[in-house]
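> Please work from the sequences and hints to get the whole structure.
There are 2 protein chains.
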Amino acid sequence: MTGFATTERPLDRGTSDRLPSVAARLACRAGSTTTTAGVANGFVQGNLAILPEKLAASFHRFCQFNPKPCPVIGMSDVGDPHIPSLGIDLDIRTDLPRYRVWRDGEVVEEPPDIMVHWRDDLVAFVLGCSFSFEEALMADDLPIRHIERKLRVPMYRTNIACAPSGPFAGPMVVSMRPFKPADAIRAVQITSRFPAVHGAPVHLGHPRSIGIADIAKPDYGDAVPVEADEIPVFWACGVTPQAVIAAAKLPFAITHAPGLMLVTDLRNKQLAVL
Amino acid sequence: MTGFATTERPLDRGTSDRLPSVAARLACRAGSTTTTAGVANGFVQGNLAILPEKLAASFHRFCQFNPKPCPVIGMSDVGDPHIPSLGIDLDIRTDLPRYRVWRDGEVVEEPPDIMVHWRDDLVAFVLGCSFSFEEALMADDLPIRHIERKLRVPMYRTNIACAPSGPFAGPMVVSMRPFKPADAIRAVQITSRFPAVHGAPVHLGHPRSIGIADIAKPDYGDAVPVEADEIPVFWACGVTPQAVIAAAKLPFAITHAPGLMLVTDLRNKQLAVL
Numbered sequence: 000m001t002g003f004a005t006t007e008r009p010l011d012r013g014t015s016d017r018l019p020s021v022a023a024r025l026a027c028r029a030g031s032t033t034t035t036a037g038v039a040n041g042f043v044q045g046n047l048a049i050l051p052e053k054l055a056a057s058f059h060r061f062c063q064f065n066p067k068p069c070p071v072i073g074m075s076d077v078g079d080p081h082i083p084s085l086g087i088d089l090d091i092r093t094d095l096p097r098y099r100v101w102r103d104g105e106v107v108e109e110p111p112d113i114m115v116h117w118r119d120d121l122v123a124f125v126l127g128c129s130f131s132f133e134e135a136l137m138a139d140d141l142p143i144r145h146i147e148r149k150l151r152v153p154m155y156r157t158n159i160a161c162a163p164s165g166p167f168a169g170p171m172v173v174s175m176r177p178f179k180p181a182d183a184i185r186a187v188q189i190t191s192r193f194p195a196v197h198g199a200p201v202h203l204g205h206p207r208s209i210g211i212a213d214i215a216k217p218d219y220g221d222a223v224p225v226e227a228d229e230i231p232v233f234w235a236c237g238v239t240p241q242a243v244i245a246a247a248k249l250p251f252a253i254t255h256a257p258g259l260m261l262v263t264d265l266r267n268k269q270l271a272v273l
Numbered sequence: 000m001t002g003f004a005t006t007e008r009p010l011d012r013g014t015s016d017r018l019p020s021v022a023a024r025l026a027c028r029a030g031s032t033t034t035t036a037g038v039a040n041g042f043v044q045g046n047l048a049i050l051p052e053k054l055a056a057s058f059h060r061f062c063q064f065n066p067k068p069c070p071v072i073g074m075s076d077v078g079d080p081h082i083p084s085l086g087i088d089l090d091i092r093t094d095l096p097r098y099r100v101w102r103d104g105e106v107v108e109e110p111p112d113i114m115v116h117w118r119d120d121l122v123a124f125v126l127g128c129s130f131s132f133e134e135a136l137m138a139d140d141l142p143i144r145h146i147e148r149k150l151r152v153p154m155y156r157t158n159i160a161c162a163p164s165g166p167f168a169g170p171m172v173v174s175m176r177p178f179k180p181a182d183a184i185r186a187v188q189i190t191s192r193f194p195a196v197h198g199a200p201v202h203l204g205h206p207r208s209i210g211i212a213d214i215a216k217p218d219y220g221d222a223v224p225v226e227a228d229e230i231p232v233f234w235a236c237g238v239t240p241q242a243v244i245a246a247a248k249l250p251f252a253i254t255h256a257p258g259l260m261l262v263t264d265l266r267n268k269q270l271a272v273l
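From first to last, the protein sequence lines are chains U and S.
Numbering follows numbering that gives the first Met the number 0, with no gaps: position 58 of the first sequence is 57.
Numbering follows numbering that gives the first Met the number 0, with no gaps: position 178 of the second sequence is 177.
Hints in this document: simulated from the structure, not taken from any laboratory.
Take the hints with a grain of salt, since some may be wrong.
Same chains, same label: a pair holds when it works inside one copy or across any pair of copies.
[What the hints assert, rightly or not] In silico lysine to aspartate or glutamate, DMTMM-like type, Cα no more than 25 Å apart, as pairs:
# : residue 1 : residue 2
1 : Lys67     : Asp228
2 : Lys248    : Asp76
3 : Lys53     : Glu108
4 : Lys149    : Glu226
5 : Lys216    : Asp120
If you want it as structure tokens, here you go:
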């Protein structure tokens, strides 16, 4: 883990079964396959990557080398489907709504659980996601365009190369949110407090400088307008590790399905470093 | 004072006479009238405003209402020329290189000391200045264009109205430093730690949005170029209170002469809130 030190806090076993995050996981375990957007507000949701042990070390180093797109907030022991630091009862094989099983760089299945795919050599990584910092931005009354318009956040492949590790290499993917300048400054401040969920922006104002030819044509998600008096602000995005895993054409990997995340018992506000 | 809480630390009386800041003040006291730029690196320099007691309360509220342009780092008692929190032996009447004496909104004299102007009803305010945060930016290897080119920082009157207090009112003056986007983000982070010296920027990227018609024509200081891949970043500026004091056309006030500041025994790094 990358030392954000939020995963070592003991959870209250006596009350954890009453948490909305626990209810969300139990719903998944019972078969729910709906989006986790808006579920268990206030609780940290995470991106999932599961790799065989021999690739997991390289991937972990990749995360260490590239903490902004790949902030590790939880990690399983080898072959252990539990990550108690993120939820006492959490079972990574059943507690997400839907998974993607990858073989040789292709998605071969999108099952609602991975019981039949689990192996004793698998390691699960949970990576912070932008839902947490968006909550902090909205709590400060900053408007988030794609949420207001009920769209997916626009995401772009950049010319910023991630530091490679073993088979894992590729460009950083960024998400974009437009803000008026004073709000952009405030957004830098707020997200700087949350390194475990991508932290401060990596860029603002000049999309071409990071290889984005047309802000109106995102590589993932939906386009949102940037008004003339606004600044496009770019954060490292959790799609980066998925894109890197796909590009590595690994024999076997499992991730979450887009938008269908792991809901943890960590609270977003616990991730603030200051 | 605005509660930045840095001025209440006891100084080491035993060693203070060896500090370069003390040496700088003693030089002023002995008649030196040269700029304080580059003097006693690492020590906080401050803007000075001295007002009669009956106006001082309004001005203090003005500073409280407008902490970004007017961060109070030290303040004398009424009629007391000493500010021990900024320097044990400090005498505000003699320890700056040069002063400006204002009557009815006009500079009537620029003396090297104000012994003959001091009165029992005067109150001295020392306000943080950008030298401190520029040191922090340079310590992080961020290039500062006007310093590299040995120019004065460009400053602009904006359309951002300060919150008024009594006779004190007017637009915020800002200073501008151009940065590449990633450096602009880092500059927001670094200066956010220093609210006592203007803190985070107030604006970036769209000069017209804050009433700056032509970035190449500053209202004070020297123009510096902003390259196509750079963002102009604007900080609240300590010229604001001087401009407000001038506009108020007070019967009597004293300030420092531009660039000839009070050197204090506070260290810049002591001003960091985090």
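> Now tell me, hint by hint, if it's right for this structure.
How the hints compare with the structure:
Taking the shortest Cα distances, lysine 67 and aspartate 228 sit within 25 Å of each other only across copies (23 Å), while inside one copy they are farther apart (27 Å). For the homomeric pair lysine 248 and aspartate 76, the shortest alpha-carbon distance inside one copy (24 Å) is at most 25 Å, but the shortest distance between copies (72 Å) is not. Taking the closest pair of Cα atoms, lysine 53 and glutamate 108 come within 25 Å of each other only inside a single copy of the chain (22 Å); across copies the shortest separation is 78 Å, beyond that limit. Within a single copy, lysine 149 and glutamate 226 get their C-alpha atoms as close as 18 Å, which meets the 25 Å cut-off; across copies the closest is 37 Å, which misses it.
Neither within a single protomer nor between protomers do lysine 216 and aspartate 120 lie at most 25 Å apart by alpha-carbon distance, with minima of 40 Å and 65 Å respectively.
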